[in-house]
Amino acid sequence: MLSQKDLLGLKDLTAEQILSLIDGAFECKKLLLSDCKKSDELKGKTLVTLFYENSTRTRTSFELAGKYLGANEVNISVAASSVQKGETLIDTGRTLDAMKIDFIVIRHSMAGAPALLAKNVKASVINGGDGMHEHPTQALLDMVTLKEKYGTLSGLKVAILGDIKHSRVAMSNLIGLKKLGSEVYLYAPATMLPKDIDKLGAHVCRSREEAVEGADAVMGLRIQLERMNGGLFPSLGEYARYYGVNDNILALAKKGAPVLHPGPVNRGVELTPQVIDGAQSLINEQVTNGVAVRMSILKQLAAFRAANGAVKTANGEKNI
Amino acid sequence: MRTLLKNGTAVLPSGEKKCDILIEDGRIARIVPQIQITGGAISGETHGANHVKAQAADKNSNQVNDIQIIDCTGKHILPGLIDIHVHLREPGFEGKEDIQSGCAAAVKGGVTQVCCMPNTDPVCDNAVVVTYIKTRAEQAGLCKVHPIGAITKGEKGETLSDIGKMKSAGAVALSDDGKSVMDSRIMRLAMEYASDFSLKCLCHCEDASLADGGSVNEGYNATVAGLKGIPRAAEDIMIARDIALAESLGVPVHICHVSTYSGVEIIRSAKARGVKVTAETCPHYFILTDDIITGYDTFTKVNPPVREQKDVEAIIKGLKDGTLDCIVTDHAPHALKDKQVEYALAACGISGIETSLALSYTYLVKTGKLTLCELMQKMSANPAAVLGLRGGELKEGEPADVTVVDFSGKYVIDGEKFVSKGKNTPFNGFEVYGVVNYTFVDGDLKYKAD
Numbered sequence: 001m002l003s004q005k006d007l008l009g010l011k012d013l014t015a016e017q018i019l020s021l022i023d024g025a026f027e028c029k030k031l032l033l034s035d036c037k038k039s040d041e042l043k044g045k046t047l048v049t050l051f052y053e054n055s056t057r058t059r060t061s062f063e064l065a066g067k068y069l070g071a072n073e074v075n076i077s078v079a080a081s082s083v084q085k086g087e088t089l090i091d092t093g094r095t096l097d098a099m100k101i102d103f104i105v106i107r108h109s110m111a112g113a114p115a116l117l118a119k120n121v122k123a124s125v126i127n128g129g130d131g132m133h134e135h136p137t138q139a140l141l142d143m144v145t146l147k148e149k150y151g152t153l154s155g156l157k158v159a160i161l162g163d164i165k166h167s168r169v170a171m172s173n174l175i176g177l178k179k180l181g182s183e184v185y186l187y188a189p190a191t192m193l194p195k196d197i198d199k200l201g202a203h204v205c206r207s208r209e210e211a212v213e214g215a216d217a218v219m220g221l222r223i224q225l226e227r228m229n230g231g232l233f234p235s236l237g238e239y240a241r242y243y244g245v246n247d248n249i250l251a252l253a254k255k256g257a258p259v260l261h262p263g264p265v266n267r268g269v270e271l272t273p274q275v276i277d278g279a280q281s282l283i284n285e286q287v288t289n290g291v292a293v294r295m296s297i298l299k300q301l302a303a304f305r306a307a308n309g310a311v312k313t314a315n316g317e318k319n320i
Numbered sequence: 001m002r003t004l005l006k007n008g009t010a011v012l013p014s015g016e017k018k019c020d021i022l023i024e025d026g027r028i029a030r031i032v033p034q035i036q037i038t039g040g041a042i043s044g045e046t047h048g049a050n051h052v053k054a055q056a057a058d059k060n061s062n063q064v065n066d067i068q069i070i071d072c073t074g075k076h077i078l079p080g081l082i083d084i085h086v087h088l089r090e091p092g093f094e095g096k097e098d099i100q101s102g103c104a105a106a107v108k109g110g111v112t113q114v115c116c117m118p119n120t121d122p123v124c125d126n127a128v129v130v131t132y133i134k135t136r137a138e139q140a141g142l143c144k145v146h147p148i149g150a151i152t153k154g155e156k157g158e159t160l161s162d163i164g165k166m167k168s169a170g171a172v173a174l175s176d177d178g179k180s181v182m183d184s185r186i187m188r189l190a191m192e193y194a195s196d197f198s199l200k201c202l203c204h205c206e207d208a209s210l211a212d213g214g215s216v217n218e219g220y221n222a223t224v225a226g227l228k229g230i231p232r233a234a235e236d237i238m239i240a241r242d243i244a245l246a247e248s249l250g251v252p253v254h255i256c257h258v259s260t261y262s263g264v265e266i267i268r269s270a271k272a273r274g275v276k277v278t279a280e281t282c283p284h285y286f287i288l289t290d291d292i293i294t295g296y297d298t299f300t301k302v303n304p305p306v307r308e309q310k311d312v313e314a315i316i317k318g319l320k321d322g323t324l325d326c327i328v329t330d331h332a333p334h335a336l337k338d339k340q341v342e343y344a345l346a347a348c349g350i351s352g353i354e355t356s357l358a359l360s361y362t363y364l365v366k367t368g369k370l371t372l373c374e375l376m377q378k379m380s381a382n383p384a385a386v387l388g389l390r391g392g393e394l395k396e397g398e399p400a401d402v403t404v405v406d407f408s409g410k411y412v413i414d415g416e417k418f419v420s421k422g423k424n425t426p427f428n429g430f431e432v433y434g435v436v437n438y439t440f441v442d443g444d445l446k447y448k449a450d
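Protein sequences, first through last, are from chains A and B.
Residue numbering for the first sequence follows my numbering, beginning at 1 and increasing consecutively.
Residue numbering for the second sequence follows my numbering, beginning at 1 and increasing consecutively.
Next up, chain A with everything else stripped away, as it sits in the complex (with noise of 0.2 Å):
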């Protein structure tokens, strides 16, 4: 169970809390997919999304999450321009905090940002994604989708294709998979590879073949077109070419693994029509599970905050 007020990243959490999260989502699943897609284990708390970057899926999902579990929800878009301009987030929390907010969503595009966030609130805050930081709900997801597939996340090789560097989605996978025992492949353009990251344990590959040889899923992660007109690689095409996920290069993995996107895809870039499409594909399994590991992780917070009447944050002692 979590033991702390907020969650930031998987790399503040053991491998025991990794995984009752996912056992969680297994419960949760059930709620999603019965007819009635309703409790009131949330009733009366109030959940905000605050992101500073667009996204739908992350946001609906939470959305769902707290509505499936009878949460009030508020979304609040701020503008990207408006963050050096505009009410410092400190200000924005504070306020938040002032609306008697219990869970704050937050995405942002500069790393550290969730964590500035909680130091300075009462309400509980949810990374969702903070510049090349984490993205702890998009892996747990992973990993809930993986374990739902093979039935453990110990011994299994993960392959990881595409933009490491500015994927804030491969670093959370890599510090999940790792603590549950699995081993992860990267590849990616050199131009996209974090400085370091096989000290974190990170197998990093000179090919798409070593990467995806053998392995029992295989992940693409999207590219940006804007890091193509940084100069980070010349062309989409080429981008497909050399570094896309194809039926010949899945074929190298095993038999069945299950191939997984955290979205939205570029058809015919990261992954080949084919492949995003084929029966391997678990995309779509990956937003139900979305949405069923977020409602887990509202609710072991919600339950840490009714146990917990007062925690620390850097500013002192506040009740939560």
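Keep in mind that the hints were calculated from the coordinates and are not lab data.
Warning: the hint list may mix true and false statements.
In the DSS-like style, the derived pairs of lysine-lysine whose C-alpha atoms are separated by at most 30 Å in a straight line are [claimed, not checked]: (1) A:Lys122 to B:Lys339; (2) B:Lys179 to A:Lys100; (3) B:Lys337 to A:Lys85; (4) A:Lys122 to B:Lys337; (5) B:Lys317 to B:Lys153; (6) B:Lys179 to B:Lys167; (7) B:Lys317 to A:Lys195; (8) B:Lys310 to A:Lys199; (9) A:Lys195 to B:Lys339; (10) A:Lys85 to B:Lys423; (11) A:Lys85 to B:Lys156; (12) B:Lys317 to B:Lys271.
Taking CB as the label site, the calculated pair distances span [unchecked claim]: (13) B:Ser248 to A:Glu213: 52 to 60 Å; (14) B:Glu265 to A:Ala251: 47 to 55 Å; (15) B:Lys310 to A:Tyr150: 40 to 48 Å; (16) B:Gly295 to A:Ser34: 41 to 49 Å; (17) B:Asp297 to A:Lys37: 38 to 46 Å; (18) B:Thr367 to A:Glu16: 41 to 49 Å; (19) A:Asn308 to B:Cys373: 56 to 64 Å; (20) A:Asn284 to B:Lys310: 44 to 52 Å; (21) A:His203 to B:Lys366: 38 to 46 Å; (22) A:Val74 to B:Val412: 40 to 48 Å; (23) B:Cys373 to A:Gly86: 50 to 58 Å.
As the structure is a computational prediction, the values presented were derived from the model and not from experiment.
The C-beta atom is built at its ideal place from N, Cα and C for all residues, glycine as well.
Mind docking chain B on chain A? Use the hints.
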């Protein structure tokens, strides 16, 4: 008014020596083993017993016939520190620091002369701003302030500022600190033109295209924290470029705040072949590594960024072997609001002038890396020599810029106690040795510890 510093250990170029120092008319009048006071008359002897008749009522200080006697037993007497890389923020950013508060911080840190960087608002790129800074410094009346003029107008890197006029107004050097002059042709012209006025360019070395908006050192910790990294090459390339320009022109050049092991090596090899290059570093580069950034404490954000252990070691080696001439602070005070934001948005810089001596002593001298005499070379004599400033050593007849420090005095750094407006230090909680007791500028007591 005369001041007698009794029974201290002076740090002289020849070594540490127990002696008495008499300050008279703003100058160091005598440095001798013993000075006797007999009924108001003062005589110094090379040998002999202590004949001070006047017994101090207060054991540290007493006034006898217009002579202030300060007992310096157990304390060191240093040449006033000279910090040639300081941001006083005035004019324009008085919320971060002003000349008064910056100078108060300086003398509290034992610093008697500062050179202030031109990235103010307006930029110090003309004689008017140079004169303004000097006037304000005189009004503050604490330490000596030497303005550094911008190399280019508005620090934009495009056209040369009024270099000659600034020199005439009192500028002692040129810098576009905060960034490099990215256009190599402009930089070359600046070095050539500045040499006509015997002004050195102090080069902030950072290739902007490689730094690319990064916040921290590129490496493992940047990856873990998800913060954008700045590669060493961003600094090294510009160090190499500015050395190449100076070497080809035969003019001197000074490299600011060296943070990389590879940068140290570039400077070392240039010196070996006779290039007139000098260089500085700061306490944070020989004490801290980027292990401190992963908690997103924005007080750790500084440009260039703190790097890794091998850099720390190379910088200490560079100080030891003379590759790095000076220890400066790059004192960069900021208002709290400039730091209480997302890491990527936070202002760069460390408020360092009050802790530089204690940190340097604790991490270089107490650890046996440098002798105290060597440290004083780095913090006083060499900075004076690099910019041709008067001062830098304790010498009879010279202006009495003198710092008295108790190196056995131990304390825990707490930025909240800084007199600087900038409380931004990554050294909070560090236990250091070196309490500044007294700071004299031109013989006047400008700071006295509580």
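Hint by hint, here is what the structure shows:
Straight-line distance between C-alpha atoms of lysine 122 of chain A and lysine 339 of chain B comes to about 21 Å, which keeps the hinted pair within the 30 Å bound. Of the pairs offered as hints, the one joining lysine 179 of chain B and lysine 100 of chain A is violated, with about 45 Å between alpha carbons and a cut-off of 30 Å exceeded. Proposed proximity of lysine 337 of chain B and lysine 85 of chain A is supported: the alpha carbons are some 13 Å apart, at most 30 Å. Of the pairs offered as hints, the one joining lysine 122 of chain A and lysine 337 of chain B holds, with about 21 Å between alpha carbons and a cut-off of 30 Å not exceeded.
For the suggested pair lysine 317 of chain B and lysine 153 of chain B, the alpha carbons sit about 37 Å apart, so the restraint of at most 30 Å is broken. For the proposed pair lysine 179 of chain B and lysine 167 of chain B, the alpha carbon gap of about 22 Å is at most 30 Å, so the pair holds. At most 30 Å may separate the alpha-carbon atoms for a hinted pair to count; lysine 317 of chain B and lysine 195 of chain A meet this at roughly 26 Å. Of the supplied pair hints, the one linking lysine 310 of chain B and lysine 199 of chain A holds, its CA atoms being roughly 17 Å apart against a limit of 30 Å.
Note on lysine 195 of chain A and lysine 339 of chain B: the hinted pairing holds, with a Cα-Cα distance of about 26 Å set against a maximum of 30 Å. Under the criterion of a C-alpha separation no larger than 30 Å, the hint pairing lysine 85 of chain A with lysine 423 of chain B is consistent with the structure, at around 24 Å. Proximity of lysine 85 of chain A to lysine 156 of chain B is assessed by CA-CA distance (about 23 Å); at most 30 Å being required, the pair is judged to hold. Between lysine 317 of chain B and lysine 271 of chain B the alpha-carbon distance is near 15 Å, which keeps this suggested pair within the 30 Å criterion.
Distance hint for serine 248 of chain B and glutamate 213 of chain A: a CB-CB separation of about 53 Å, consistent with the stated range 52 to 60 Å. For glutamate 265 of chain B and alanine 251 of chain A, the Cβ-Cβ distance of about 49 Å falls inside the hinted range of 47 to 55 Å, so the restraint holds. Against the hinted window of 40 to 48 Å, the Cβ-Cβ separation of lysine 310 of chain B and tyrosine 150 of chain A comes to about 42 Å, which satisfies the hint. The hinted range of 41 to 49 Å is satisfied by glycine 295 of chain B and serine 34 of chain A, whose Cβ atoms lie roughly 43 Å apart.
The hint said 38 to 46 Å for the Cβ distance between aspartate 297 of chain B and lysine 37 of chain A, and at roughly 43 Å that hint holds. Between threonine 367 of chain B and glutamate 16 of chain A the Cβ separation comes to about 42 Å, which falls inside the hinted range of 41 to 49 Å. For the hinted restraint 56 to 64 Å between asparagine 308 of chain A and cysteine 373 of chain B, the CB-CB distance of approximately 57 Å keeps it satisfied. Hint check: asparagine 284 of chain A to lysine 310 of chain B, Cβ distance near 48 Å, so the stated range 44 to 52 Å holds.
For the pair histidine 203 of chain A and lysine 366 of chain B, the beta carbons lie near 44 Å from each other, so the given range of 38 to 46 Å is met. Judged by the Cβ atoms, the range 40 to 48 Å given for valine 74 of chain A and valine 412 of chain B holds: they are separated by roughly 45 Å. Under the hint 50 to 58 Å, the C-beta atoms of cysteine 373 of chain B and glycine 86 of chain A, about 54 Å apart, fit the expected range.
The structure fails to meet hints 2, 5 from the earlier list, while all remaining hints are met.
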